[in-house]
Structure formats: structure tokens, C-alpha cells
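Order-wise, the sequence lines are chains F, L and A. Each residue of the first sequence is one higher than the one before, counting from 1 in this note's numbering. Each residue of the second sequence is one higher than the one before, counting from 280 in this note's numbering. Each residue of the third sequence is one higher than the one before, counting from 618 in this note's numbering.
Treat the hints with care, since some could be wrong.
Residues on chain A that point at chain L, a partial pick, calculated with CB under 7 Å [what the hints assert, rightly or not]:
| # | residue |
| --- | --- |
| 1 | 636 |
| 2 | 643 |
| 3 | 646 |
| 4 | 655 |
| 5 | 656 |
| 6 | 716 |
| 7 | 734 |
| 8 | 746 |
| 9 | 773 |
| 10 | 792 |
| 11 | 831 |
| 12 | 838 |
| 13 | 867 |
| 14 | 870 |
Pairwise CB distance ranges (calculated) [to be verified]:
| # | chain 1 | residue 1 | chain 2 | residue 2 | range |
| --- | --- | --- | --- | --- | --- |
| 15 | F | 196 | L | 582 | 40 to 46 Å |
| 16 | A | 901 | L | 440 | 47 to 53 Å |
| 17 | A | 785 | L | 309 | 19 to 25 Å |
| 18 | L | 586 | F | 226 | 53 to 59 Å |
| 19 | F | 260 | L | 398 | 51 to 57 Å |
| 20 | L | 392 | F | 113 | 24 to 30 Å |
| 21 | L | 586 | F | 47 | 55 to 61 Å |
| 22 | A | 626 | F | 113 | 28 to 34 Å |
| 23 | F | 20 | L | 392 | 43 to 49 Å |
| 24 | L | 398 | A | 785 | 27 to 33 Å |
| 25 | A | 754 | F | 196 | 45 to 51 Å |
| 26 | F | 38 | A | 677 | 53 to 59 Å |
| 27 | A | 629 | F | 203 | 37 to 43 Å |
| 28 | L | 437 | F | 148 | 56 to 62 Å |
Rather than coming from a laboratory, the hints here were simulated on the basis of the structure. No residue lacks a Cβ here, since even glycine has one placed at the ideal position from N, Cα and C.
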Amino acid sequence: MEAIKTKIDLTRQGRLPAEGDREAVFEARGVSVFYGDQRAIDNVNIDIYRRLITAIIGPSGCGKSTFIRTLNRMTDLVPSARLTGELRYRGIDLYGPRVDAVEVRRRIGMVFQKPNPFPKSIYDNVAYGLRILGMKKDLGERVEKALRAAALWDEVKDRLKDSALGLSGGQQQRLCIARAIAVEPEVILLDEPASALDPIATSAIEDLMHELKRDYTLVIVTHNMQQAARVADMTAFFGLDVSPDGNRQGVLVEYDETEKIFTNPSDKRTEGYVTGRFG
Amino acid sequence: METSHGDESSAFERTRSRLDRLGDPALKAITFVAAALAVTALVQITYELIKGSRLAFHRFGFGFLTSQTWDTIHNQFGALSLIFGTAITAILAIVIAAPLAVAIALFLTELAPKPVRALLGALVEMLAAIPSVILGLWGILILGPFVQNQLEPFLGSTLGFLPFFRGQTSPTGILTATLVLTIMVVPIVASVTRELFMTVPPELREGALALGATRWEMVRGVLLPAARPGILAAVALGFGRAVGEAMAVLMVIGSQIGIHLSLFGHSDTLAARIAGQYNGASTNLQTSSLVYLATILLVISLAVNIGAQLLIRPIDRRPRRQRIALDRALETQGMSAD
Amino acid sequence: MAEPVFSLRTSGRLRRRQLVSRMMGALAFAAALLAVAALAIVVISVASKGASALSIDFFTKSQPQGFQPAGGGILFAIVGSAVIVGIATLIALPLGVLVAIYVSELAPPRLARVARLALDITNGIPTIVIGIFVFTIVAAHQSALAGSVALAIIMVPLIARATEEVLLLVPPAQREASLALGVSRWRTTFSVVVPSALGGILTGTTLAIARAAGETAPLLFLTALGTTSYADANPFHPLQSMTFAIFTYSDQADPAFQAKAWAAAFTLMCFVLATSLAAKLAMARYRKKLGG
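Based on the provided sequences and hints, a complete structural model is requested.
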């Protein structure tokens, strides 16, 4: 059943723009990330395109989460983390000397593995970012718009003042997406957004991603290949590499249109992974 | 050890020695008595203090609370100026200490580089472990002269237009006592607050930062609200400590009865007055009056502590619930493994 | 390549927000610095004044009769403190552990909650009040023993709470394994649970000892007066103690006494800080062991 669904969903992607018409938002050139002396990911080269959904898949420990966190400089929060190479966002070096990480994160939002609503009301969760960013005009409307965009409005419109902690896991995650959308970012990064959710909530999130694609560039890390196949236009496969000095690090093995990755990968490791014969 | 074996049918009942069978109810009874003893200590203390203060209560009634006198020659006693001294030193100390302590906790959990955190946290806890008599000694011999010669003249010349900063400078007095109490209370509040901040899940911090909040906006919008009841409780506990501290205050406050606005002047607190009279209670009435003071102190500290506990409990329940959930999860896992 | 039509630099409003954030960070840093400075000033002044007044005699001789400022040492203040705190520990340790066993292993949840609350509130009672409480019972009969009882009342909640915490850390699987062998509950408790938690119980007790050794107020009414001899160790007599010695020496104008006060304070501070630091380190390691 799972396989059939995958097949159906693969056709649901709609028309992918031809290679020449894609506009790169992120351009990574030789990006490596270190935690102290330990190299976590090595020499990643990738273009991530505007208003497409890009999935990052791969075995655990391959640096998927590390990579997505470099895209909005959440890696700054780990004091020992260090990035080499070049990572450009719309032409600007994200790690350039005068780039402000706070400004970066405002434009490039993030949704995390575990739903992390603040211990505040539903309304205040969405309004929080708007308030601190000074987007206080039409606050109520903006909150409603974000909740509608996150397909949560109908479920919570009568209890906006209730604590967000009373929502179900799936609702909490959509609230976190609404919270991220509210501040009008350009990109939304999703780090395994459905791994803590049940299948119904997961499918709601996936539907939502298809909706959001119209206005946003989405990057999703997932360990669930069916999910990548269902939602993503482009898929990047990260693998584990052991360097001669014994260091285990993540590398970008293959990056292509999702359909190609899942039906006709050019790298043996990708093929092994997507067909479940990894190892 | 073992009693004789019965027939087959009673095999489940009789194989354990009497000692072994008695063990469980005995353990339960003994530990219950111990717990009851510990729990009823509160009641015992309250009862004995009320009993001990009966003589003074008979003589002065609640008028004790509104009288400023402490006259050992004419056997007239009252607590008002001591209550005033207690209130002003403890309130001032906590007003200075609370923001300092929260700031220290913030620095220790949010800003300091990782290796520094543990070291600095340990240093702050060490400050909390210094015995109060040593702080008193330091207060009277080192801080006192500094207060008299530098701090009070400076405050007098800059803020002397206020009634609080006027009067004879002195190494002892309300100001010195307040500073010593502040040094005592800061590490207590800071270490509790630090632990509170550490229990706030990192995902909440990330959630705020990923929205483009600055660190301070994250602290103000997420961290402080999440920890607020706990911080209030920590501050209340710190206040309770300041109210109840006897030695350090006794050594630096000047032991003088009277109500005045000057922070430079001498004063006295409930706890310090009791401690200071350890060798001087010459009459039963004076002794009883001291117990009366202790009763007032007990009532204040009970109120502050119960308030603080009520604030903490809802927080306390969460990890316990998580623990139970975790235990259950482990149990079911164990069962499925079989 | 896309043309940069916007900037990721700090600008306008964000500049102000970042400034506020940095200022607050600087304030927090200053506060931490202040706390460390306070600790440093106290510790350094006690150490420098105390160390210079230390001598072999200070630890091996007793206070000269007649409360003479010159010569002698605090041998019997150390002995007295050891006796008073030692007896208090003998009372408080078994009591505290039994209370903890009841609260964490045996009590119905509601009673356990009440007991925890009572212990925490008792922990918040001013120590001078506890001293007065014991005083109302023993009245004029001062003795080291009375002081021990007061210190034990202070120590029981500390030991009970610390023990309870480590008992809860003992994995339920260990209890079940023992119970499943047909071992009775009390044997399981004393042969599996308590030994497993022993490290934690001992560090909790050490912390309580460090706290009790620094207490002065509860001793004032109980074992401070009527000291007939400065060389006594009989727990039924009122005895000298370190803290009380510091207090009485500090009250004297004679610099010789003040030097003794500093030396005694330095000795006590070293003991209290060393024991509590060691206990905290051991506790952290122990938690890691049981927790991980």
C-alpha cells in the first residue's frame, strides 16, 4: 500500500520548472561544518531553488540536521561549530562578516522536529514574533492569516486565548508553522517536522507543505523516504563517509529531481538507500 | 532461621522465617514513625513556641506587636521596632539581590562559554555555603569600615537630600546589615534560578531565535515567563532567609531599638535580637518575650515558605509526571521484549 | 546568480534591538562578575587574615583559662564542634534515611506529598527559632547534646530530601528483579535499594554536615554558656564550638582576639567549602552514573 501511495504521490508534484528556469536561493560551495575538531559534513555543493520543496534524506548521523541548520545560522548557537566554504543566500554570503544572524533567521524561518510552542496562548504564540519584529499593525489579521495558511484556523478560532500546550501534537506543529509564517519569511526550513506525529497529523502537514510551496521556498529534512517522495520536488541524499583518518562525516552523495532519485539514481549508495538495501 | 516446613498445601505460607515476614510491616511502621516525627516537628515547634510565649502574651497581648519598647530594667517589651528593622533590611536586601541573582543565572545559563558555566556555577554555590558567622565577621571588620569611611560619606554627599542617607556614619547599621544579607541571599536565589532556567527546554529557546528574536527578546519573551513562578518562589525563599538570619545581622546591625529612616543608623531585627540576648535573659518575662519574638519570626517564615512552596509545586509536579510516564514506558518495553 | 536587492546586515530597528540585547548581556555579565568579586573578596580577606594567625599551637592548645587574649588555641572548639555535629549526624542520618525510605518507597502519594512539603517548610524555618524551640524544652540545662538535637532538626530535612532524590534515581528494574526472586520488600530495600543509593546518601549527609558545622544561632541558647572548662569534650556539658568561638572573639576589641577570630574563620571556611565542594562533585558524578 505504501508503495502504491508513493507512486501516486510522485505524479502529484505538478510540473517542475525546467532546469534552466530554476532560480537558486541557496548556493553552497564546498561547505564543511566542524564541531571542534570533528568534521560533521564535508564539502557540500548544492543549489536550492526558489518555491520548490527540497528534501534532504539520508541515514542517521549523516549531518542532515546540521546542514539545514547552517541555512539560517542556527549552528551559531553551538559555540564549537565552525563552517568553511561558501554559503550564499540570494547572492549574499550568509557567513559574511557583516551579516546579522538575527536578520537571517527572520527571513529564513525554521520548524523543528518536536513541536515547540511557547507556554503562552495560541494567539500569543503566533503574535510573539510579530510583536518583537515590530509588525504590530493589524496584529489580529496577521495572526488569523498565518493560522489560516497553516490550516489551523478553523480548529482554534474559538479558543485563541487557550494555552497552546493544550493542542494535540499535530496541531502544535501546525501552530509552530503558523508562528514561522506569521513573520513573513522567504524560506521555511523544516527539520523532521513530522517525526513526532501520527500518520493523520503527518498527512495534514504534508498537504500543508504543498499549499505553502506557492509562496515559500521549503527545505525539509526527513528520515522518511516515502515522505520525501510524496512532498519534494528536489531531493538531496546525504551519506556517511569515513575519511582515511577515521573521521565519520556526512557528504552529499546525490542531488536531483525527486523522481530521478527514487526511480533512477545515478549513485549506487543512493540506490541502495532508497530501495532499502543500504549498508 | 528457617521455620520447619509444613505439608505441601501450605508451602506458599510457611517457608519464610518469622523475622522475614515481620520485616515488611516493621519497616513500614518504623519509617512511618520517623516520617511522622519529621512532619510533626513543625507542629511541635509551633506548639512549644506558643506555650513558651504565653507569659509574655498574657502580659502584653497583641500590643506587643505595636510597642517599640525593649526595656530590660522595667520589664517592658515590644516587637514593633524589631519588626521594622527586619522588614527594612530583608526587603532592601531582596530588592538588590533579586535582579542581581536573576542576571547571574541568565549569564550562567545563556551567555557564559560552556567551560566557564560549571566553574562559575560552582563558585556561586560556594558563596552560598559560607557560614553566616564568617560573613558577619567579615562584615564587621572589613565591610564595616568601608561603609563608614567610603560608602556612607559618598551616599551622604550625593543623595543626602533624601532622609535615608543622612545621619552619623557608622561601621554598623542598617546599610551594612543590608549588604551582608544581600551577599547571603544572592547565591541562594541565583543557584535556584539557574536550575530553573536549565529546565526550560532548549527547543523553546530555538523556537524564539529561529523567528529572528535577539537573545534578550528570547529571554524576556520565553525564558523569563516560563520560569516566572519558580523565580518568584526562589525570591520568596531568599527573602525568608534574610528575615531569619540571626548571626550575620547581629554582628553588624548595632542592636538598637527605635524606628528611623536613616539607613546609616543602628537598628535590630527579630532574629538578631533573640540571638543577642542568649546570655542576658534575666527574668521569665524577658525569656518569654524572646520566645514571643521567635513565634512572630516563625509565623513570618511559615507564611513566606508556604507561599513559595505553593508557587513551586505546580512546576515540581511536571517532572514527576514525566518520570512516571517514563517508568511506564520502560515497563511496557520490558514486557514486549519478553 | 541572483542580484542582491536586500541586505542581511544589521540595520535600523534591528540595530537598536541588538544593542538592547548586548546591553542586557553586559549587565548580566557585570552581575556575575560582581558575585564572583564578592566571593573573592570574602574568601581572600578571610584567607589572608586567617592564614597569618595560624600556628601549630592554634590547633593543639586550648583557650587559656580566664579568656585570655594571648596564646593558646582552639583545640577544644574544634573538638566541641566535632562532638556536637557528630552526635547531630548520628541522630539525623538514620532518621533522615528512614523518612526518605517512607516517602519514596512506601508512603501513599498524598502522604508523601504532605511529608515533602513539611520537610521543605521545616528547612525554611530560621535556625534561631529551632534553637529557641529546643531551649523551651531543655530550659536552663545547657549541654552539647541539646545543641546536637537542634542541629539534627536542621539536618533531617536536608538528608531526607537528598536521600529521597537518589532513591528515586535507583532504577525500578532493580527493585523488581529482587522482588521477583521472592525477596521481601524490606530486604530488597536494605540490600538493593539503599546500597545502590549509598553514594548519594553519603554526599547528601556530607552537605548537611557542612551546613550544620557553620551554624551558630541554634547553639547560642543551648551550649554556649556555663562552659566551666576550655578543655572539655563531655557531650552532657555545654561545649565550645568553632562558630561560637568566632562570634565571641569577633566581639572583642583586642586585636589578638580578632586574629584568633580570623584564624578560626579560615579553618572553618576551609572545612565547609572543601566538604561541600567535594560532596557536590561526588553528587554530580553519582547522578551521572545512575542517570546514564
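**OP:** Tell me, in ascending order, the numbers of any earlier hints that this structure violates.
**Re:** 1, 2, 10, 14, 25
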